[in-house]
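One-letter residues, chain by chain:
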Amino acid sequence: ETGVTQSPTHLIKTRGQQVTLRCSSQSGHNTVSWYQQALGQGPQFIFQYYREEENGRGNFPPRFSGLQFPNYSSELNVNALELDDSALYLCASSLFGGGQETQYFGPGTRLLVL
Amino acid sequence: AQSVTQLDSQVPVFEEAPVELRCNYSSSVSVYLFWYVQYPNQGLQLLLKYLSGSTLVESINGFEAEFNKSQTSFHLRKPSVHISDTAEYFCAVLGYNQGGKLIFGQGTELSVKP
Numbered sequence: 002e003t004g005v006t007q008s009p010t011h012l013i014k015t016r017g018q019q020v021t022l023r024c025s026s027q028s029g030h031n032t033v034s035w036y037q038q039a040l041g042q043g044p045q046f047i048f049q050y051y052r053e054e055e056n057g058r059g060n061f062p063p064r065f066s067g068l069q070f071p072n073y074s075s076e077l078n079v080n081a082l083e084l085d086d087s088a089l090y091l092c093a094s095s096l097f098g099g100g101q102e103t104q105y106f107g108p109g110t111r112l113l114v115l
Numbered sequence: 028a029q030s031v032t033q034l035d036s037q038v039p040v041f042e043e044a045p046v047e048l049r050c051n052y053s054s055s056v057s058v059y060l061f062w063y064v065q066y067p068n069q070g071l072q073l074l075l076k077y078l079s080g081s082t083l084v085e086s087i088n089g090f091e092a093e094f095n096k097s098q099t100s101f102h103l104r105k106p107s108v109h110i111s112d113t114a115e116y117f118c119a120v121l122g123y124n125q126g127g128k129l130i131f132g133q134g135t136e137l138s139v140k141p
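Respectively, the protein sequence lines represent chains R and L.
The working numbering puts the first sequence at residues 2 to 115.
The working numbering puts the second sequence at residues 28 to 141.
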């Protein structure tokens, strides 16, 4: 069984740039969720994708967007980067429905915005 | 809306001593409850979960947590800790039909000293 993988592991960008982060879900899972974890904080929900559509969204501006592909992998795109976007970005996969609500996390992508 | 409060930001303890990490939640809907562990510079690992059934749940490495609906708590306990248990622990709640939005507490840093 393959776990959740994310790429890249680290990334440095400058303010105003755009970034794309990638996530491959665990085998057998059909749902991907993205979280932002600032230093010293708990993760904050950005959004979830199921059947290639956004299934729920947290309190993040529209410059945070995502995609899910037919193989259930996903991308997180952030436009017009701000200094406060510096954080660990975590992807989690799960199996939607049937009571299998447990989310399994990848190792994260650490983004630094200068 | 849901919220999670982890009552202790840091818990120092000596090796082989018992430990309790406290977690309280608030929710207007039924919930699933989780504990995740995060080692330095890593993603989140699922430690244990309550979905339904027995209110006492256990992990493979000796941790246990009890769902107390009347007190809206899900405290994590271990009767004897090891140095390797040193990590950040996050309590999280997922409300039924809430779009996959895991709500996390601020985390508790468990520091096990020899």
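Hints were generated in silico from the structure; no laboratory data involved.
Glycine included, each C-beta is placed from N, C-alpha and C at the ideal position.
Don't take every hint at face value.
As the list claims (entries may be wrong) - Here are the simulated distance ranges between beta carbons: (1) Asn88(L) / Leu113(R): 30 to 40 Å; (2) Asp35(L) / Asn72(R): 22 to 32 Å; (3) Val56(L) / Glu53(R): 39 to 49 Å; (4) Thr10(R) / Thr32(L): 29 to 39 Å; (5) Ser55(L) / Thr21(R): 11 to 21 Å; (6) Asp85(R) / Gln37(L): 48 to 58 Å; (7) Lys14(R) / Pro67(L): 31 to 41 Å; (8) Leu78(L) / Ser28(R): 35 to 45 Å.
What the hints assert, rightly or not - Computed footprint of chain R on chain L, listed as stretches where at least three residues anywhere in the stretch have a Cβ under 8 Å from a Cβ of chain R: (9) 39 to 49; (10) 97 to 109.
Report task. Determine whether the Cβ-Cβ distance between Asp85(R) and Gln37(L) falls within the hinted range of 48 to 58 Å. Result -> violated, 25 Å
Requested in this report: Hint says 11 to 21 Å; check whether the CB-CB distance for Ser55(L) and Thr21(R) agrees.
Outcome: Hint violated: Cβ distance 36 Å, outside 11 to 21 Å.
Query raised in the report: How does the Cβ-Cβ distance of Asn88(L) and Leu113(R) compare with 30 to 40 Å: does it lie in that range?
Result: At 33 Å between Cβs, range holds.
Query raised in the report: Does the hinted range 39 to 49 Å hold for Val56(L) and Glu53(R) at CB?
Result: Cβ of Val56(L) to Cβ of Glu53(R): about 27 Å, so the range 39 to 49 Å is violated.
Query raised in the report: Do Thr10(R) and Thr32(L) keep their Cβ atoms within the hinted range of 29 to 39 Å?
Result: With a Cβ separation near 32 Å, Thr10(R) and Thr32(L) satisfy 29 to 39 Å, so the hint holds.
**Report entry** CB-CB spacing for Asn72(R) and Asp35(L) relative to the 22 to 32 Å hint
**Finding:** violated, 42 Å
Query - Coverage assertion for the segment 97 to 109 of chain L with respect to chain R, Cβ distance below 8 Å, three residues required - result: violated (count 0)
Query raised in the report: Leu78(L) and Ser28(R), beta-carbon distance inside 35 to 45 Å?
Result: Hint violated: Cβ distance 21 Å, outside 35 to 45 Å.
Query raised in the report: Is the hinted range of 31 to 41 Å satisfied by the C-beta distance from Lys14(R) to Pro67(L)?
Result: violated, 23 Å
Query - Outcome, coverage hint (the segment 39 to 49 of chain L, chain R; C-beta under 8 Å; three residues) - result: n = 0 at 8 Å, threshold three: violated.
The structure is inconsistent with the numbered hints 2, 3, 5, 6, 7, 8, 9 and 10, although it conforms to all the rest.
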